Every structure is written in C-alpha cells, then in structure tokens.
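Chain order of the listed sequences is A and B. Throughout the first sequence, residue numbering follows our numbering, covering 15 to 415 in sequence. Throughout the second sequence, residue numbering follows our numbering, covering 15 to 415 in sequence.
What the hints contain is simulated information worked out from the structure, not anything from laboratory work. One should not assume that every hint holds.
Which copy? The list can't say, so a pair holds if one copy fits it or any two copies do.
As the list claims (entries may be wrong) - Derived pair list, reagent style SDA-like, types lysine to any residue, alpha-carbon separation capped at 20 Å:
hint	residue 1	residue 2
1	K291	A205
2	K50	V196
3	K31	D320
4	K98	G414
5	K308	L208
6	K98	L21
7	K308	R138
It should be emphasised that the depicted structure is a prediction, and the values quoted were computed from it without experimental measurement.
There are 2 protein chains.
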Amino acid sequence: MIDFPYLEDLCIRTDSKIIMLVVDGLGGLPHPDTGKSELETARTPNLDALAGRSVCGLTTPVLPGITPGSGPGHMALFGYDPVKFLVGRGVLEALGIGLELGPNTVAARGNFCTVDGEGKLTDRRAGRIKTVESAPLVELLDTIDIPGVSVEVHPVQDYRFVLVLRGDGLSANIPDTDPQVVGGPPRTAVAAELTSERTARFANAFIDAARGLLGSRDRANMVLLRGFSTEPEWPEFGRSYNLNPAAIAAYPMYRGLARLAGMKIIPTGADFDAELKTLADSYSDHDYFFLHYKPADGAGEDGDFDAKVARLEELDARIPAVIDMNSDVLVVAGDHSTPAIMEAHSWHPVPLMINSRLSRGQGSDAFDERACRLGALGAIPATNLMLLALAHAGKLAKFGA
Amino acid sequence: MIDFPYLEDLCIRTDSKIIMLVVDGLGGLPHPDTGKSELETARTPNLDALAGRSVCGLTTPVLPGITPGSGPGHMALFGYDPVKFLVGRGVLEALGIGLELGPNTVAARGNFCTVDGEGKLTDRRAGRIKTVESAPLVELLDTIDIPGVSVEVHPVQDYRFVLVLRGDGLSANIPDTDPQVVGGPPRTAVAAELTSERTARFANAFIDAARGLLGSRDRANMVLLRGFSTEPEWPEFGRSYNLNPAAIAAYPMYRGLARLAGMKIIPTGADFDAELKTLADSYSDHDYFFLHYKPADGAGEDGDFDAKVARLEELDARIPAVIDMNSDVLVVAGDHSTPAIMEAHSWHPVPLMINSRLSRGQGSDAFDERACRLGALGAIPATNLMLLALAHAGKLAKFGA
C-alpha cells in the first residue's frame, strides 16, 4: 500500500463518489508519418473538453524505463507498490480466465511442448498449436487424479493452460520446469524450500501422468510448468482508503486484479456499454468505482495504429455517459502505454486527468501525451494517484496540526 | 545499483548498441547580460537537430539542491545511488592521476601546509604553492620508508599530493588529520575502529618522517592527510545490466570511475578527437560506450562564460561523428551543471536527450535547459537514466505478467 504511515488516520468516509476510468494501454507514441500519437490523432472532443476543466498530468507506472504487465500497471493505480505487490504468473493466468483461487491453492501456467524420442525439448510451445488442437488435450489432462490433492486443468488459449492444485499444506516456491532453451529435457519440479516439497511431488506426478497421456503424439507430447504461485493476501483497498469500492470490468483478468485488492466485483456484460449500464445500476451502492476500458490496448498490441485511434474515439463517444453520473471526482488514467508502433506495452508515462469541482481553471487544451506533460499535476508515480483522487473527493483530512 | 530488485531478471542481451556521451558540467545558468545560458548562447545546430528527433528531459544528479562532485555525478548516470556508492576522497584523487589501487591499499589526499615554531597551523595550503615548488617536495616524501608497509607519494597539483599505503591488514577508517582551522596543531591519525590501528600508526610514522624532512622550511613545512579510503567493491555495471561495457575518457579520473563500475577501459588519446577515433576503432567490440567530454566543465569552473560556450560549440561540431556510429541509442547527458557565473559545480538539473527509433516525434526545439525542461522525459533522477537507455535499446523485458 501507499508508503505513508498515516494513511488510514487521514482517510475520511464521506458521501462523495470517485469514478476511476482505466483505459488499458492508454498512452502511445507518434506515428512516424504524422508525428502525432494515437491520442493526438483521434477525434476526442469529449475527452479534450473534459481535460479543459480537469487537472492533467502523466503517471509513471513503475519506474522510468520499466514496462509493466497488466498486474503491476493496475496495482500501481490502486496505490500498491507494484514491485512489492507482484502477482505470480500462474495466478495471473488463472485470473485472466476468471478462476477464483482462494487459500490452499497453487496455480501454474502450463505450456504444451514437444520433445523428441529421448525426451529432449524440440519446441517449447509445440508449434504454437491452436486452441482447436489443444482443447481436447486439456480435457485429457483434466482427468489426471493424484492422491492427496485436487487437480484441475483449465484451457487458456492456443498452447497455454492453467494447472490448479488445491489441498492443505501446498506451497508455491518451485522454480519453472521450463528450461527456456531447447535441446535438453524439461526440468523436474524442485522444491526451493522444505515447505514446497509436497507440492513439487504433486507437480512431478502431474508431469509424469501428462507424459503418459500425451507421449504417443508427434507434437504437444509433453508439458512445461511456469510461475507456480498462490493468491497473495494483500491489504484491502476499501479498508486502507476507508472506501466501499466496486470494480466493473468486462475482462476477467481485471476483475481478478480488483479482487486481489479486495474490491467488490459487480457482474457485468461483455463490453464497455454493458459496463456503463452496470455503473448506472450500481451507482448508489458504492463510493469508488474502478471502471475498465480494454479495447485500446488490444489494438496497440496488434500494432494497428488506426484501430487504436478508432477504439479511443469509441471511448470518447461514451465519455458523456460517464460524466452524466455526476461523480464528485472523475479520473481518467491508464495502466501503461501500448504504442501501436511498438506492438507492445511500453514504459512511457501515461496521460492522466482528474476532474472535480477543484480542478477548473487548471485544465489542458487536450487529453494527450503532449498536453498532459505540461499539465498542472506534472509527472507523478502512478502509486500516488489514489491520494490525489481521495484529496479531490474531500476524503483526506489534514496531516499534522 | 538501481533500487529495483528484478533488474537482473529483466535485462536482455541483444545486439543493440548504446552510446552514452557524458558532457562534463553540461548544464549552466543564464548570463546576467543576456538572460541566456551557455547552451542557449552557443551555436549548436547538430545538438539542436538531434534534440528535435530525440526525447528530452532533465536529470537531477543526487537530490534537488545537492551539488555533486565528479564521483556522485558519474555514478548516478551509471545507475549507482550516489549516496550509497560514494568514492572516498583519497581514492578519487588517486583515480584522478591515473593510479590503480586494487586491494590491500589505502589512499589519502595530502596537502602541504605551514606550521609555526610551536607546530601550530598557520596556513592549511602552504600559500597554495605551485607545482614547481611542490614537485621536489613530493619526491622527497616519496623516499620515506616505513617498515611493514609500502609507501608511495604521488604529485597531484600545486599543494596537493596522494599518499598510498600498500600492505596486508590495512583499513581506512581514520578521520582527517586536517583540523579545518588554523591556530592549533594538525591532528594525529587516530583509528576510528580497532582494525584501523595499524594503518593509523603507519600514517603517523609518515607524518613524523614528513615533518623531519620538511621542518626546516619556512612554508610547506608539514602535511595534512584527508579522506583515507580504499577502493570500493561495487556491483559490476556489465553484470547488473547484462552489458559488455567500455569507457572512453581522455582524463584519468573518469577512467577511474568507470573502472570502479567494472567497465572495460579502452586506452585513448588526450582529447575528444582521439576518443572519437577510439570509439570508431572499438565499436564492434562492445554494446555500451561511456564517452566523456571534459572541456565544458573546466571553462565553467574558470568562470569563463565565453570559453564554455566555445567548448560546447566545439563539441557540437563533433556530434555528427558520434551520430555516424549509428548506435541504436545515443544518450547525451551531463554529470552535473557547472554554471560559469558560479565558477563551480552546481545542483541545477542537467539537460538530457535520448535518441532512438522510438524517440521521433517527441523532440524538443533545442538542446538547452529551457527546452529540456519541457521535454517528454520530464525531470528524472539521474539514477533512472540507465533504465531508460536500456528500454530504448530494447534491452529490458516486461515487468510482471
């Protein structure tokens, strides 16, 4: 949680409401032909007008130069130091497909891989087989029974699956069985500490059974396990900030991250319009809403500059509906940048605006990287955003007499 | 090293190359007559054009208001927290004259001073005697033999020299013998901990012998010792960042600082043109180059505004040769500001630019304090520069899933 020891003393319960709209992959980079970023290219009259009466700035998710995954990007916006509050890969993959893990549960990410006749790795991803080929293999693996532990195997996509072990006395301190290079055999699961020995035995029993079930195939005849992890127990967002928070997110992973922060997850539909309806329906029940907009990130990851522009324009058309909620504070932020020219997440600082009755007259001409760079908030660590949101909502008392 | 525990996990070895050009004393302050700083006054078309296609900002070497010496200024650019990784004065002085110290070696900075008939200090710098007067005295001191330790005395400049003690069981925890005020006798060397007692005895034996050799003189008839220190063992730059780094610096002190970071030192000539030739000759052998440009700092320290402008223009004329190397990332940074109107190092943030294929469209109109202040990088701690350089070179993997 935010490294400020008096936080809980200062957070006041009030009637004011905060909406934090997180635009996944919001930030971008200029297109080489135009010199303008996705946000600068998009026609976003509603976001720009809002920026004019908001206070703008940039957030750095982790550190300058560090590119965050979805976990660190969101936890930082929630005020959790993303270096200390790091989600394991197995848990994140489970969250991404909507699994609830809870205590006494270890999750690992699985890859189908291919080994030769001597058991040596020839392809760590089994030719990136498609879901149509992997789905029946996942069903096969899900039949594996190991005495003393409950075993679940869930499909993710293509060559990826999630292994979930449930039972008493499990521990996740087990390095990856993926050696990262081909030519040698997969590693066995090894306990990195005494308490993980039992779990490592279960993992090896699973691997042996998987080899038995898959071994006659030409490819995808073996499995690799990575990111053994358990759901962490973190400080509760609501308790830390004296809020009654809710998360509205169409994509499972973001619901999962909000659940790790102890937010109430409100069921919603498959897209942002459904999220907006959910927001309106549940608006009287909470004083903080994490509202997630996903499509911009995907277009950036695809390297499709025009599509990212279009997704931002589609968001802009829906901004009036968010404004109409009349929240005391409306934050528009991003978990990280996803410049289309990089086809990936990036480290670049992310545009931010905070709208409240206190932000008028401090605004920027537009909501984009360049305008926000010159905004009154300046460049801040993303972990400081929650303090600013609370302050603008009148939810933070004076520190010291 | 950079306070980010996952650094070594994220640093990827790639073919991309980084050149970090460090312009010593780069930053300045406006001339009172013109309102323009040295960089703003200088005609620097090449640096300005480069800034137009780079991403610009400012670095703070240590903390706002803290003026760094050469050691902290450079170590921060290399990503070493300059507060934790502080070079002792004796070691720094030894590095400055090109000495290699290694283990089992203690260095102290020496001043010739003047004492009266009762042994009381009358001048801590012996009238700032010139090298022509001090050189023979240094030769005399270098004849001193002390059983159990090897004693070397090396000339620095004017009233300054370096004392080097080599032998087993030495320890440098010894306060200065310089009392900082005149009127009393020089202090004796006192061990601040048990392990330093033997070294303190050697130091006092040296002081006694020096008094014997110099005592008949009117001035420069005694010595003061400061900054007892040993060469520190620090994390290796190359290992920490997964780089194969090289340093090219005409001045010994900067080679010495790079050696403390474990960089390979490439022999070079006496000026920047020689450095550029060395860069071209060794370019295929390394993936990171620390390239040092010294003259701007000296002009600033001399308080010669016009000379600093001229030194910056001379640098600008050589920028095309650096650009011609076609590195994937070209950083132009400074270790600290040296405003001519202050005739000294200063705490002012230092202009920075990073050029890569990812920095187009984000540039600034010029490379100076004012333009960089509005640059897309914003103001960052100098210790974060290496992360940004690695990121722009594609050498940093994503943090967290």
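Evaluated hints:
In this assembly of identical chains, K291 and A205 lie within 20 Å of each other by CA distance neither inside one copy nor across copies; the values are 48 Å within and 53 Å between. For the identical chains of this complex, K50 and V196 are neighbours neither inside a copy (42 Å) nor across copies (60 Å), given an alpha-carbon limit of 20 Å. Within a single copy, K31 and D320 get their C-alpha atoms no closer than 35 Å, and across copies no closer than 31 Å, so neither meets the 20 Å cut-off. Within a single copy, K98 and G414 get their C-alpha atoms only as close as 27 Å, which misses the 20 Å cut-off; across copies the closest is 11 Å, which meets it.
In the homo-oligomer, the alpha carbons of K308 and L208 never lie at most 20 Å apart, since the shortest distance is 41 Å inside one protomer and 56 Å across protomers. For a Cα distance limit of 20 Å, the shortest separation of K98 from L21 qualifies both inside one copy, at 18 Å, and across copies, at 14 Å. In this homomeric assembly, K308 and R138 never come within 20 Å of each other (Cα to Cα): the closest approach is 29 Å inside a single copy and 50 Å across copies.
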